[in-house]
Amino acid sequence: MKKKLLIGATLLAILTGCGQQPELDVNADQNNTAVQQSQVVPNQAEQNKQATEEDLTDTTAVKVTDESNDINQNQQIAAILSKNVVHFDFDKYNIRPDQMPIVKAVANTLKDIKGNYTVRIEGNCDEWGSDEYNYALGLKRAKTVKNALVNLGVDANKLTIISYGESNPVCTAHNKACWAKNRRDDFTLLP
Amino acid sequence: MRIFLLFVVFLYLNASELQITKYITNQKPKIYVEYVHSNSKLNHMLQIDSTIISHYDMKIGGKTNNLTNINFTKYKGYNYLLRFNYQNKTSTALLYNLIDKKIELYKKYKIPNFNSYPFMIHALSYDINSKLGFEPIPWIKRKIVYSVNMAPKESAIFISDITLTYRKKIVSGGFNIFPKWADRAQTEIYYTKYLREPTLFKYNIYTGKKTRVMVSSGMLIVSDVDFDNNKLLLTLAPNDQPDIYEYNLYSKSLKRITKYTGIDVNGHFYGNNILFISNRLGNPNVYQKNLSTGIVKKVIYYSKNQISLTAYNDDIVISSRETNNALGNNTFNLLLVNKNSDDIKRLTLGGKNMLPVFSNDGSTIFFIKEYHFNSKIGIIRLKENKIFYFRLSKIIQSFDC
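From first to last, the protein sequence lines stand for chains H and W.
Numbering that gives the first Met the number 0 applies: residue 0 is where the first sequence begins, and numbers increase by one.
Numbering that gives the first Met the number 0 applies: residue 0 is where the second sequence begins, and numbers increase by one.
To be clear, the hints were calculated from the coordinates, so they are not data collected in a lab.
Note that the Cβ used here is the ideal one computed from N, Cα and C, for glycine as well.
There are no misleading hints in this set.
Under the rule of at most 20 Å between Cα atoms (straight-line distance), these lysine to aspartate or glutamate pairs were calculated in the DMTMM-like manner: (1) Lys208(W) x Glu187(W); (2) Lys91(H) x Glu321(W); (3) Lys393(W) x Glu126(H); (4) Lys175(H) x Glu321(W); (5) Lys303(W) x Glu126(H); (6) Lys157(H) x Asp239(W); (7) Lys303(W) x Asp342(W); (8) Lys152(W) x Asp185(H); (9) Lys157(H) x Glu196(W); (10) Lys91(H) x Asp239(W); (11) Lys107(W) x Asp126(W); (12) Lys152(W) x Glu121(H); (13) Lys142(W) x Glu187(W); (14) Lys175(H) x Glu369(W); (15) Lys303(W) x Asp88(H); (16) Lys145(H) x Asp111(H); (17) Lys145(H) x Asp239(W); (18) Lys145(H) x Glu196(W); (19) Lys351(W) x Glu126(H); (20) Lys152(W) x Glu126(H); (21) Lys29(W) x Asp126(W).
Okay, the calculated bits of chain W under chain H, using three or more residues with CB under 8 Å as the criterion: (22) 168 to 182; (23) 256 to 266.
Turn these sequences into a full structure, and let the hints steer you where they fit.
Spelled out as structure tokens, the structure:
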């Protein structure tokens with residue numbers, strides 16, 4: 000008998016508690032319904048707000064497209080420049096006649112670049128000579144090519160020169176073929 | 000195990016010059032060495048030092064139990080007995096005069112760690128040499144600072160003792176070239192680092208403090224520091240033209256010394272003159288510019304290619320390219336000339352001998368000898384007519400001592 004009374008009291012308490020909860024749930028459902036309805040049928044002020052957001056999106060899209068084009072163009076120019084190497088005779092910094100077509104090709108590449116850029120001409124030497132003298136020799140090689148490029152119509156303000164002396168060899172064997180490869184000017188497009 | 004080779008070569012002299020080696024074996028003081036410790040590296044370095052100094056003969060004997068208990072009859076034929084011991088980063092040395100039976104030297108030498116032992120032995124050798132009455136040899140205690148090519152456009156700066164036994168990398172990462180001691184005490188160096196443009200830094204080897212001194216486009220090299228450490232001679236190219244400039248460290252003022260449109264490099268203070276290398280007559284040669292009159296004149300008329308130089312008082316040492324071969328090996332030799340004499344002394348014979356540097360006392364010339372993919376530091380003892388080489392398995396880009 001006591002057990003039946005206890006079970007009955009427990010069921011009554013559960014039913015009483017659950018009886019309050021549905022009221023809260025009903026309110027929440029009403030709120031959600033109100034939001035959904037307002038999205039389906041926006042008023043005039045909300046329509047204006049949506050139009051402004053679309054304008055901002057368009058502006059951002061244009062900027063991204065422009066930057067990727069710049070990067071692609073710079074990579075292409077850097078790749079072209081890296082293939083152009085001007086070589087020099089032993090202990091000389093004048094441009095050999097057979098190297099002038101390379102200088103002209105570099106000039107044409109640079110003149111086709113639209114927008115701002117800086118190209119560094121890097122003078123290098125073989126291993127014969129004191130290091131300090133070789134640095135100056137490398138610099139003179141870079142300067143000679145810079146002057147030639149300016150004479151061919153390249154803006155001097157967009158060219159800078161540097162010397163690596165004998166410290167930047169592309170070939171490290173001790174033979175005449177290697178030494179000839181190392182007596183050179185490289186071209187680097189600076190970021 | 001770090002192994003270095005010691006080569007001894009007698010200088011090749013001009014055919015017209017007859018020179019008799021100064022020492023007769025019996026006249027050189029003889030030192031017998033006994034040691035308490037059991038580290039052979041110390042004894043080996045002591046032996047090398049005595050060979051380089053060339054003022055006395057040294058015989059490394061055996062171990063002993065103590066420094067003071069001496070049986071004088073044991074060392075017949077020797078003038079001195081050196082006993083020394085290394086323990087707990089300290090070396091204790093006793094130098095006995097076996098003839099007069101008195102102590103000439105009793106001194107302790109402390110080092111921060113065992114790797115510094117070459118400096119400890121060099122200091123001991125310096126003291127032995129002085130106690131025996133020979134002219135001081137301060138160069139033996141000097142540190143060498145050098146840059147080594149690690150890869151294209153990458154080099155690191157090291158310091159070492161004169162035998163390249165102690166080595167420590169002090170600047171790495173990037174392209175660090177042309178180190179030069181900034182002060183006579185050898186606490187700071189100048190070096191050029193390639194950032195977007197060549198940049199000159201001053202670096203304290205003990206504190207690691209690094210100070211930016213200047214930036215120049217094209218190239219930037221410290222060629223010489225004056226005696227008082229107030230002025231620098233630099234090769235700069237602010238307008239793409241390599242010329243020699245004098246930089247006053249206190250007023251921060253820069254003065255252009257040369258204005259030739261070709262190549263002017265390697266400036267050296269020389270009294271009221273500046274010595275430098277220029278190609279103004281077609282090939283690189285040594286010239287001097289008088290700072291009062293501005294007159295420039297050629298200094299040495301021997302050999303067509305003189306590519307680097309060092310000077311001390313009236314003596315000038317040049318590195319001369321003696322072949323002009325674009326297709327094969329070229330020979331660079333060191334030549335010693337004196338401004339008061341027409342004589343030229345050939346200091347090296349064959350190979351690629353470059354970047355001569357006089358020691359502070361003018362008695363010794365340090366230089367680089369390159370061969371295959373290695374470099375050697377060469378030490379020329381002028382009065383003793385000897386050359387010693389210490390090898391490094393890398394190409395040394397530049398150095399100073």
